[in-house]
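Engineer: Sequence:
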Amino acid sequence: MSDLPLGPFAANWPSLQNYQVPAWYRDGKFGIFIHWGPYCVPAFGSEWYPRMMYMQGSKEYTHHLTTYGPHDQFGYKDFIPRFKAERFDANQWAELFAIAGARFVVPVAEHHDGFAMYETALNRWNAATMGPKRDIIGELAHAIRRHGMVFGLSSHRAEHWFFFEEGRKFNSDVNDPANADLYGPAQPSPADWHQLHSDERPDEAFIDDWLVRCTELVDKYQPQLFWFDWWIQHKAWEPALQHFAAYYYNRAAQWDKGVAINYKYEAFAQGSAVFDIERGQVTDIYPHFWQNDTSVAKNSWGYTNAQDYKTPANLINDLIDVVSKNGALLLNIGPKADGTIPDHEVYLLHEIGAWLRVNGEAIYSTTPWHIYGEGPTRVADGAFTDTNRADFTGADIRYTCNGDTLYAIIMTWPGAHAHLPALKLGNTYHTHITNIDLLGYDYPLTWRQTSESLIVHMPSTPIGQYAVTLRIR
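In terms of numbering that gives the first Met the number 0, the sequence shown is residues 0 to 472.
FYI, nobody ran anything at the bench for these hints, they're computed from the structure. Since the structure is predicted, the reported quantities are computational estimates derived from the model, not experimental observations. Certain hints may be false.
[As the list claims (entries may be wrong)] List of simulated lysine-lysine pairs, DSSO-like, C-alpha gap at most 30 Å:
{"hint": "1", "residue 1": "Lys297", "residue 2": "Lys263"}
{"hint": "2", "residue 1": "Lys219", "residue 2": "Lys234"}
{"hint": "3", "residue 1": "Lys335", "residue 2": "Lys297"}
{"hint": "4", "residue 1": "Lys219", "residue 2": "Lys335"}
{"hint": "5", "residue 1": "Lys263", "residue 2": "Lys234"}
{"hint": "6", "residue 1": "Lys256", "residue 2": "Lys219"}
{"hint": "7", "residue 1": "Lys83", "residue 2": "Lys256"}
{"hint": "8", "residue 1": "Lys83", "residue 2": "Lys297"}
{"hint": "9", "residue 1": "Lys309", "residue 2": "Lys58"}
{"hint": "10", "residue 1": "Lys234", "residue 2": "Lys132"}
{"hint": "11", "residue 1": "Lys309", "residue 2": "Lys263"}
{"hint": "12", "residue 1": "Lys58", "residue 2": "Lys335"}
{"hint": "13", "residue 1": "Lys263", "residue 2": "Lys219"}
{"hint": "14", "residue 1": "Lys234", "residue 2": "Lys168"}
{"hint": "15", "residue 1": "Lys58", "residue 2": "Lys168"}
{"hint": "16", "residue 1": "Lys256", "residue 2": "Lys297"}
{"hint": "17", "residue 1": "Lys83", "residue 2": "Lys309"}
{"hint": "18", "residue 1": "Lys132", "residue 2": "Lys83"}
Generate the whole structure from the sequences, applying the supplied hints.
Structural biologist: Spelled out as structure tokens, the structure:
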């Protein structure tokens, strides 16, 4: 392992648990994730096409054989020359993300497929020398910062250990030694991917290579958010994770920048980084600042020709729910292979941005209240539950606060009256109300408290299409 930079952190959990989440992250609440790579060329199935195309019997395998021919003649590597990104404009992307109200942006630097989206001497399969022949991560870093947002990036490299294993099982280009530095070890995947201890583990050389790639990204681009995918929770990774965190945090101290690491499951000791839940949430206020990463599409993180999109209301309400429970939302988009963002995804981001321009003070720089909210709709706990809940109703309320100001966000228009039982007469949370107004509405509201609820008389016509916010003082 490389030597640690001088700084306050050592490569052990007790030292790393002195880490503090930076204010930009706690206050920012909303970021954009970007899954983009050669897997967008076939645009079929999902961003796991590189793995599934070699899995005999899968729809991707059949599609590939029918569309591109035998796997020994046209493999995943052959999509790279077709990944040209000829219409990619980092400044246009950054401008859109700023309009959407994002405060931080996290493009994928390397996905499971082993193709680096940045300039590197460690991997000849990279976007600066193949495909786009541009340093995609470098261009995005510059544009995102120029538009006033925080730049981060993600690494999914750990899963590359087994990602192309299915190509070993028949005559495919995965077995050609000339492609070994792209397709990697292609070793058998763990029987239980989430098991902390198992016989299926990466070897020391692979972990060392992973660490070198990660520290190169830190030194080259100075990201302020470093997002890791799963499987690093396997105990084999623990020494490298500790070393990386100490390296990164000490570098950040030298830069005088606040940074954060995202992790899933039990990869990091609690308090040493920021816990992330993939496509899922929590049922109550979480004691530590956390993050939900999800996508605008239900079926894929990368672009496909058959995206099943969520609605603007779903996405806005997930942001509200997450923030009310002490979290941040990292929302993924999937650009096309030519570098354009699909029209419907542009529409979704514009809708979120328009909502935040009216209601953003109830999101940014807020903290949780005594309770996250109230109402009949239940949110499932844990990963991969983001499409399980019913639609929120006008009786579903989420609370945030900023100093003495309380925000009650009603998840959809409540009708003539909004009922807030938590603020009933004699409540113990917010006993003295002097003013209530509706964000985006220029006229005064009237209200009354009963022994059952605070009742707010709403305007006769709905304000906007989505959630509305009462500001209570």
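Engineer: Compare the structure with each hint and give your call.
Structural biologist: Going through the hints against the structure:
A C-alpha spacing of about 20 Å is found between Lys297 and Lys263, which places the hinted pair at or below 30 Å, so the restraint holds. Distance restraint check for Lys219 and Lys234: the Cα-Cα separation of roughly 28 Å lies within the 30 Å cut-off, and the hinted pair is therefore satisfied. Only pairs whose Cα atoms come within 30 Å are accepted, and Lys335 paired with Lys297 is accepted, the gap being roughly 17 Å. Between the alpha carbons of Lys219 and Lys335 the distance comes to roughly 26 Å, so the proposed pair stays at or under 30 Å and holds.
At roughly 14 Å between alpha-carbon atoms, Lys263 and Lys234 fall within 30 Å of each other, so this suggested pair holds. Restraint check for Lys256 and Lys219: satisfied, since their Cα atoms lie roughly 15 Å apart, inside the 30 Å limit. Distance check on the hinted pair: Lys83 and Lys256 sit about 34 Å apart at the alpha-carbon level, beyond 30 Å; violated. Proximity of Lys83 to Lys297 is assessed by CA-CA distance (about 26 Å); at most 30 Å being required, the pair is judged to hold.
Proposed proximity of Lys309 and Lys58 is supported: the alpha carbons are some 24 Å apart, at most 30 Å. About 37 Å separates the Cα atoms of Lys234 and Lys132, which puts this hinted pair outside 30 Å; it is violated. Between Lys309 and Lys263, the direct Cα distance comes to roughly 23 Å. Compliance with the 30 Å bound is thereby established for this hinted pair. Simply put, Lys58 and Lys335 have alpha-carbon atoms about 21 Å apart, close enough for the 30 Å limit, and the pair holds.
For the hint linking Lys263 to Lys219, the alpha-carbon distance of about 25 Å falls within 30 Å, and the restraint holds. About 28 Å separates the Cα atoms of Lys234 and Lys168, which keeps this hinted pair within 30 Å; it holds. Taking the CA atoms of Lys58 and Lys168, the gap is about 17 Å. The hint holds against a cut of 30 Å. For the hint pairing Lys256 with Lys297, the CA-to-CA distance comes to about 35 Å; that exceeds 30 Å, so the pair is violated.
For the hint pairing Lys83 with Lys309, the CA-to-CA distance comes to about 28 Å; that is within 30 Å, so the pair holds. For the given pair, Lys132 sits about 8 Å from Lys83 by alpha-carbon distance, which is consistent with the 30 Å threshold.
Hint check: violations occur at hints 7, 10 and 16; the rest are consistent with the structure.
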